[in-house]
Amino acid sequence: MALINRLKEYRARIGINQGDLGKKAGVSRQTISLIERGDYSPSVTLALKLAKIFEVQVEDIFEYREGENRE
Amino acid sequence: MNKSRAISYIRLAVVSLMAGLLAGTLGNVVFSGRQSIGNASDMMEHFMETHGWLLMLIGCMVYVVIELVFYYRIKKFIKKMEMVSDEEADGLDSQVDCLQNDARLINGVFQAIFFSFFALVMPGNPVSMTWQLRAALICAVFCGIFSSGYEIWVVRNTQKRDPSKRGNPTDFNFNRVWLESCDEGERLLIYKAGYKTFSTMQWVFVVLWGLTFIVKVYLSAGNGPIIIVGAVWVIQSCVYWYQLGKLRRSKLE
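Going line by line, the protein sequences match chains A and B.
Under this note's numbering, the residues of the first sequence are numbered 1 to 71, in order.
Under this note's numbering, the residues of the second sequence are numbered 1 to 253, in order.
Honestly, the hints are just simulated from the structure, not real lab data.
Note that the Cβ used here is the ideal one computed from N, Cα and C, for glycine as well.
A hint or two may mislead.
[Said to hold, decoys possible] Estimated spans, in silico, between C-beta atoms of each pair:
| hint | chain 1 | residue 1 | chain 2 | residue 2 | range |
| --- | --- | --- | --- | --- | --- |
| 1 | B | A135 | A | G26 | 21 to 31 Å |
| 2 | B | L244 | A | A12 | 36 to 46 Å |
| 3 | B | I113 | A | D60 | 50 to 60 Å |
| 4 | B | F115 | A | G26 | 31 to 41 Å |
| 5 | B | K80 | A | K49 | 27 to 37 Å |
[Claimed, not checked] Quick list of in silico lysine to aspartate or glutamate cross-link-like pairs, EDC-like style, CA-CA up to 20 Å:
| hint | chain 1 | residue 1 | chain 2 | residue 2 |
| --- | --- | --- | --- | --- |
| 6 | B | K216 | B | E45 |
| 7 | A | K8 | B | E87 |
| 8 | A | K24 | B | E184 |
| 9 | B | K192 | A | D39 |
| 10 | B | K196 | A | D20 |
| 11 | A | K23 | B | E180 |
| 12 | A | K24 | B | E186 |
| 13 | B | K160 | A | D20 |
| 14 | A | K8 | B | D86 |
| 15 | A | K23 | B | D97 |
| 16 | A | K52 | B | E184 |
| 17 | A | K24 | B | E45 |
| 18 | B | K160 | B | E45 |
| 19 | A | K24 | B | E151 |
| 20 | B | K79 | A | D20 |
| 21 | A | K23 | B | E186 |
| 22 | A | K49 | B | E186 |
| 23 | A | K24 | B | D162 |
| 24 | A | K49 | A | E66 |
| 25 | A | K23 | B | E82 |
| 26 | A | K23 | B | E45 |
| 27 | B | K165 | A | D20 |
| 28 | A | K23 | B | E88 |
| 29 | A | K49 | B | E184 |
[Unchecked claim] Derived, one-sided and incomplete: chain B residues facing chain A with beta-carbon distance under 7 Å:
| hint | residue |
| --- | --- |
| 30 | E180 |
| 31 | D183 |
| 32 | G185 |
Please put together the full structure from these sequences, using the hints given.
Dropping the structure here:
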């Protein structure tokens, strides 16, 4: 499965660190770090929460690319 | 039968054959050297009863020094986190997680070693309370207390950095409460590590069973080791498949 994400980019835009984003989304800094590195695909609930924090659509942050294998 | 399945059957057959040959060779080596192995075992038993406490004492000091190095490095990183930029703090936080993990790994290894060493220092029947045994007991108790204290410190330290983590490490239900307070990413890490441990242990049990079998047949070690390995193997399989069945029937979060 290839889930590309722009979480780091969006986080930089609003100028918060992984820990603070984790607090806002109700998860740990470690989980945010795993998502940013592409080592973990978040649940639908968490993806929606993150999109809500950045006030964008989920597809703006996460993109599914057919054929690419990251996991 | 398709090609890949045939290859996997052949691979399994070859590996089984090679494992059998290896076990047979090992058995023959053990059998031909049984006199020397018996003598070495007697010497080691005597050495452990008389000098095992010294090995434990040295091990104890090495263990404490290693853990203190980890303690001060973790403290240093946490202090540094307050003085750097947010992005750097994330990196340092990640390093603290890794250091804590390594410290707990060493804690677990030394705990197992000290328990085993204490049992080795214990003389056979009848048990007499020699001064060597007292010294070994003091080392084992000290390390037990130290490692428990260290585990508690690591948990409290993690809770301080992440207040969403719950659980009192001295409670019996700590693991359940801790897991409940972990988020989805952390749970995945725990589940993956748990499954890897299970699959590794399946192989470890096969090897252990082979070794205990050789030891019984060629060194007349009795049925004790085989019964213990078999019992633990059965317990692990039962617990895993029972829990999997239970989870299948319940609602997954």
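Hints, verified against the model:
1. B/A135 with A/G26: 21 to 31 Å: violated (51 Å)
2. B/L244 with A/A12: 36 to 46 Å: holds (42 Å)
3. B/I113 with A/D60: 50 to 60 Å: Holds: the Cβ-Cβ distance is about 53 Å, inside 50 to 60 Å.
4. B/F115 with A/G26: 31 to 41 Å: The hinted range 31 to 41 Å holds for B/F115 and A/G26, with Cβ atoms some 40 Å apart.
5. B/K80 with A/K49: 27 to 37 Å: holds (31 Å)
6. B/K216 with B/E45: holds (18 Å)
7. A/K8 with B/E87: OK: A/K8 and B/E87 at ~11 Å, within 20 Å.
8. A/K24 with B/E184: holds (15 Å)
9. B/K192 with A/D39: holds (13 Å)
10. B/K196 with A/D20: Judged against 20 Å, a Cα distance of about 32 Å means the pair is violated.
11. A/K23 with B/E180: Holds. A/K23 to B/E180 sits at ~17 Å (cutoff 20 Å).
12. A/K24 with B/E186: Holds - the C-alpha atoms of B/E186 and A/K24 are around 17 Å apart, at most 20 Å.
13. B/K160 with A/D20: Holds, at about 15 Å.
14. A/K8 with B/D86: Holds, at about 13 Å.
15. A/K23 with B/D97: Cα-Cα ~17 Å, so holds.
16. A/K52 with B/E184: holds (18 Å)
17. A/K24 with B/E45: Violated, at roughly 59 Å.
18. B/K160 with B/E45: violated (46 Å)
19. A/K24 with B/E151: violated (29 Å)
20. B/K79 with A/D20: Answer holds: B/K79 to A/D20 is near 18 Å, not above 20 Å.
21. A/K23 with B/E186: Cα-Cα ~14 Å, so holds.
22. A/K49 with B/E186: holds (17 Å)
23. A/K24 with B/D162: holds (13 Å)
24. A/K49 with A/E66: Outside the cut-off at roughly 24 Å; violated.
25. A/K23 with B/E82: holds (18 Å)
26. A/K23 with B/E45: violated (56 Å)
27. B/K165 with A/D20: Between B/K165 and A/D20 the Cα gap is close to 16 Å, so the pair holds against 20 Å.
28. A/K23 with B/E88: Status holds; Cα separation ~18 Å.
29. A/K49 with B/E184: At roughly 13 Å apart (the allowed maximum being 20 Å), B/E184 and A/K49 satisfy the hint.
30. E180: Check failed: Cβ of B/E180 comes no nearer than 14 Å to chain A, outside 7 Å.
31. D183: holds (4 Å)
32. G185: Constraint on B/G185 satisfied, holds at 3 Å.
Hint compliance for this structure: hints 1, 10, 17, 18, 19, 24, 26, 30 are broken, all remaining hints hold.
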